[in-house]
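Asker: Between the sequences and the hints, there should be enough to build the whole structure, so can you do that?
Going down the list, the sequences are from chains A and B.
For the record, in the first sequence the residue sitting at position 390 is 390 according to our numbering, with numbers rising by one throughout.
For the record, in the second sequence the residue sitting at position 1 is 1 according to our numbering, with numbers rising by one throughout.
It should be emphasised that the hints constitute simulated quantities derived from the structure, not laboratory data.
Even for Gly, the Cβ is constructed at its ideal location relative to N, Cα and C.
In the EDC-like style, the derived pairs of lysine to aspartate or glutamate whose C-alpha atoms are separated by at most 16 Å in a straight line are:
| hint | chain 1 | residue 1 | chain 2 | residue 2 |
| --- | --- | --- | --- | --- |
| 1 | B | LYS140 | A | GLU458 |
| 2 | A | LYS140 | A | ASP519 |
| 3 | B | LYS140 | B | ASP496 |
| 4 | A | LYS140 | B | GLU458 |
| 5 | B | LYS28 | B | GLU87 |
| 6 | A | LYS28 | A | GLU87 |
A few chain B positions that, by computed beta-carbon distances, are all more than 12 Å from chain A:
| hint | residue |
| --- | --- |
| 7 | GLU39 |
| 8 | PRO96 |
| 9 | LEU208 |
| 10 | VAL364 |
| 11 | GLU504 |
Label pairs and their calculated CB-CB ranges:
| hint | chain 1 | residue 1 | chain 2 | residue 2 | range |
| --- | --- | --- | --- | --- | --- |
| 12 | B | ASP134 | A | SER381 | 42 to 48 Å |
| 13 | A | LEU109 | B | ASP405 | 48 to 54 Å |
| 14 | A | ALA407 | B | GLY42 | 27 to 33 Å |
Protein chains: 2
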Amino acid sequence: MSAHEGAHFVAGAVEPGGGEPFHGVDPKSGAELAPAYLEATGEQIERAAQAAGAAAAAFAATSPQQRAALLRAIGDGLNALGDTLVERVTAETALPAARVNGERARTVLQLGQFADLIEEGSWVDARIDRAQPDRQPLPKPDLRRMLVPLGPVVVFGASNFPLAYSVAGGDTASSLAAGCPVIVKGHPAHPGTSELVGRVVHDAVQRLGLPAGTFSLLHGRSNALGAALVQHPAVQAVGFTGSHAGGRALFDLAARRAQPIPVFAEMGSANPVVVLPNALAARGADVAAALAASALMAQGQFCTSPGIVLTLDGPGNDAFVAVLREKLTGAAAGPTVHASIRAGYERALGEVKALPVTAVSSAVASGSSDVCPVLLAATPSAVLDNPRLRSEIYGPAVLHVTCRDAAELRRVCESFDGHLTATVHGDGGDLAAYPEVIAALRRRVGRLIANGVPTGVEVCPSMVHGGPYPAATDPRFSAVGTSSIQRWVRPACWQDWPQALLPEELRDDNPRGVRRTIDGRVV
Amino acid sequence: MSAHEGAHFVAGAVEPGGGEPFHGVDPKSGAELAPAYLEATGEQIERAAQAAGAAAAAFAATSPQQRAALLRAIGDGLNALGDTLVERVTAETALPAARVNGERARTVLQLGQFADLIEEGSWVDARIDRAQPDRQPLPKPDLRRMLVPLGPVVVFGASNFPLAYSVAGGDTASSLAAGCPVIVKGHPAHPGTSELVGRVVHDAVQRLGLPAGTFSLLHGRSNALGAALVQHPAVQAVGFTGSHAGGRALFDLAARRAQPIPVFAEMGSANPVVVLPNALAARGADVAAALAASALMAQGQFCTSPGIVLTLDGPGNDAFVAVLREKLTGAAAGPTVHASIRAGYERALGEVKALPVTAVSSAVASGSSDVCPVLLAATPSAVLDNPRLRSEIYGPAVLHVTCRDAAELRRVCESFDGHLTATVHGDGGDLAAYPEVIAALRRRVGRLIANGVPTGVEVCPSMVHGGPYPAATDPRFSAVGTSSIQRWVRPACWQDWPQALLPEELRDDNPRGVRRTIDGRVV
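Answerer: Now the structure itself:
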């Protein structure tokens with residue numbers, strides 16, 4: 001068996017698709033990579049969704065140990081792919097080997113963190129309120145509640161993280177951990193990578209004897225494939241990472257269903273950065289260099305790439321701008337993961353350049369997916385007047401804005417919609433001196449960073465990767481970190497239910513030893 | 001100042017509306033009650049929403065002690081209204097005095113529970129992951145996160161709980177506790193009650209020196225009023241309790257906003273009840289009497305009223321049905337809270353009676369809002385063929401279905417959409433003998449009850465009042481109990497932020513003494 005045969009994984013079956021063919025593409029040369037992938041058929045979509053629905057109860061009833069074993073087996077499988085995985089990812093995305101190995105490590109770490117979380121078990125937030133049969137005027141019943149899985153989740157693979165936010169990425173790991181079957185719609189920019197990873201998940205599900213409908217991977221390029229999955233009655237939730245247009249379209253479809261379902265779409269962000277006066281004067285050049293490096297990482301293909309930088313006119317500002325310009329425009333053009341990313345970048349730059357901005361670019365982009373870093377500059381009033389200047393340009397572009405004073409800086413910050421992050425650089429009292437600027441940013445973002453760069457999303461319990469719309473479709477959840485499991489679960493309550501028939505987490509003898517809230521006290 | 005002057009409370013101003021007049025109505029006589037209430041104007045809506053938006057940051061920055069004081073002051077104010085409140089609620093809703101006093105006690109209890117919750121403080125779910133500057137290959141930053149308020153919440157008062165789910169009810173209490181300003185759209189069935197309670201909240205906000213936009217109450221009957229509030233850009237979330245048509249309409253409006261916002265709509269339920277064979281044989285008559293009493297409470301005007309009862313053919317079934325019929329149809333007709341409830345009940349019965357059902361009613365309904373209890377019967381195949389038979393009839397109607405065997409019972413249960421509750425009566429191994437029936441019910445409801453009745457929603461941390469659609473628009477939240485605060489908050493994360501500028505809950509010295517998760521361990 002070749003590593004790549006154009007396989008879809010449909011609820012335990014390994015089979016080709018039946019629709020239009022497409023290929024992975026080497027972003028550097030534009031050459032098509034074998035094999036061809038045939039778009040998933042309507043019959044395959046139906047079968048995957050029906051099987052996921054049929055598997056939901058049995059998969060929900062698996063023990064946390066079984067699901068943890070699945071997550072760890074997937075992680076082991078990803079490691080066992082060795083250089084085969086690195087070569088395919090690199091071929092399909094032009095991401096360098098070190099990045100691919102780093103992203104694999106992060107993906108395996110995520111799987112392991114969720115395995116640990118569910119083995120420990122307290123994440124189900126078990127609460128018990130004991131009966132008081134003699135209470136007046138009415139007896140109090142025995143009530144017990146914990147979190148239970150929603151059911152099948154459709155996961156849309158992201159182009160920019162072919163491992164960590166794709167077939168076995170964070171959305172899949174958190175869904176499987178919760179006890180929800182997963183149907184992945186693989187991103188068409190890296191079908192070969194998706195097949196390799198999909199086979200790992202498929203094999204692990206089979207080897208561990210889990211229900212066949214626990215996992216499916218469907219390849220395709222059409223919006224119709226994703227739409228059919230989101231609209232299928234068996235599907236109970238959706239996870240998406242990508243563009244605003246894509247995420248909003250799926251959100252709208254889900255909201256219009258007869259039974260609306262939750263969609264968590266993380267849709268990127270311009271990640272504003274503010275450099276306050278003392279920091280600007282003392283280390284403006286260093287901050288500029290760090291921000292440029294952050295914006296240039298993977299050609300700006302991070303959701304958290306710093307896209308808007310605000311400074312106040314004063315000492316250090318000219319030097320800051322000079323370094324930002326030099327570092328950005330002095331950087332070579334480089335490949336994006338797909339020619340469509342370059343096309344989107346150039347379209348976005350075209351929109352922005354039609355507005356009152358100045359733009360300085362580096363010189364040449366030769367490869368079919370190459371993009372050139374760009375430094376844009378606009379006045380605060382231009383930013384206030386043009387919402388397009390306040391939203392993401394996906395790629396290595398940074399918009400710099402010099403504000404006259406704190407009031408103007410605050411006005412610009414208060415004009416922002418939601419973003420994933422905001423970053424503030426401040427020294428010697430700066431952070432305390434601009435409370436309204438910082439409060440305006442804090443209210444608009446998921447994560448507020450002091451004296452750093454927004455790229456680098458730590459995978460840990462405290463992480464928030466999400467934020468007010470349009471950073472995400474629901475600000476109450478995070479796409480990264482163990483709390484992201486909360487997207488796929490709901491509370492269920494048992495009243496006066498016999499001990500022997502309760503879930504283990506809710507029994508008096510607490511055989512799993514989880515932390516619980518009993519009569520309002522955590523024990 | 002009279003207790004009733006037709007006042008709206010618009011962000012600190014006490015003023016009449018300016019639109020079409022309407023009155024509270026005595027449901028028993030149909031007589032209009034003074035004073036007239038003038039529908040809120042567009043200008044009042046705009047002012048209330050703008051003020052709520054303007055107050056959001058300041059109200060979010062209040063201390064938990066300040067907000068707890070507000071909640072307790074509202075509770076004290078409700079108690080201080082004494083018989084004035086009872087008289088007006090009774091006049092407007094025909095609910096008896098004992099019920100009104102009980103509902104007031106529950107409302108005050110809810111306010112107190114949220115005050116306790118936020119004073120204790122651990123509900124913010126603070127998580128800290130400390131820096132590891134020396135970690136390889138990359139240093140780990142310091143990350144800290146907690147829950148923060150979403151911003152202004154629009155609350156729609158419910159007709160059936162004029163206190164506990166209206167102006168100062170659970171949605172308002174949980175929103176204020178979270179730090180979210182509230183705009184209440186008062187239910188037009190009890191404007192005088194709303195005014196009394198609104199004045200209590202208004203006075204408490206003023207006396208405690210909180211921002212004027214913290215609270216508004218707008219009266220009105222039009223859908224346009226609610227729509228304008230839900231669509232206002234300053235509004236960040238919506239709480240609703242009522243009909244499916246109303247809740248879905250608001251959900252759709254919110255989903256279609258430029259910035260979609262969360263809507264928690266609790267839309268009622270038919271609350272299926274299954275009586276298993278041993279219980280049916282041993283105590284079927286008692287169960288039937290208890291279910292009839294539950295269905296007759298407040299003329300069936302509870303979200304959790306038992307509307308569908310399923311039994312298996314066998315010993316005790318005939319006696320069960322006989323008692324159910326006697327208790328339901330032997331009960332007198334009685335008043336609903338508003339003539340529109342009677343109209344809706346008769347419309348629903350008309351829809352159902354056009355399907356293959358038999359119906360036995362009690363005799364006469366004389367008052368303009370009176371409804372007669374009805375026992376309906378249908379075959380399992382009629383229920384399977386007609387979704388209308390599986391959904392709520394709001395009022396004192398019970399549909400009884402005798403199933404041939406366990407397989408048929410299971411098929412009927414698997415045909416259900418989401419409900420708030422399901423109840424199973426079982427003796428001597430019944431509950432263990434029907435695992436698939438019980439699993440089918442469990443997956444479709446928020447709360448599963450053994451050997452009881454679904455009415456009576458305990459207010460405690462373990463309660464789940466919600467469930468899969470159409471019981472609620474989002475199954476991941478509850479409308480009752482302290483966990484209902486989670487509807488109005490989102491996580492926010494601070495990275496490498498200076499200690500002195502962090503919220504108290506996230507500082508190393510933990511001055512509020514809240515329970516936190518530090519480096520993955522709860523301390």
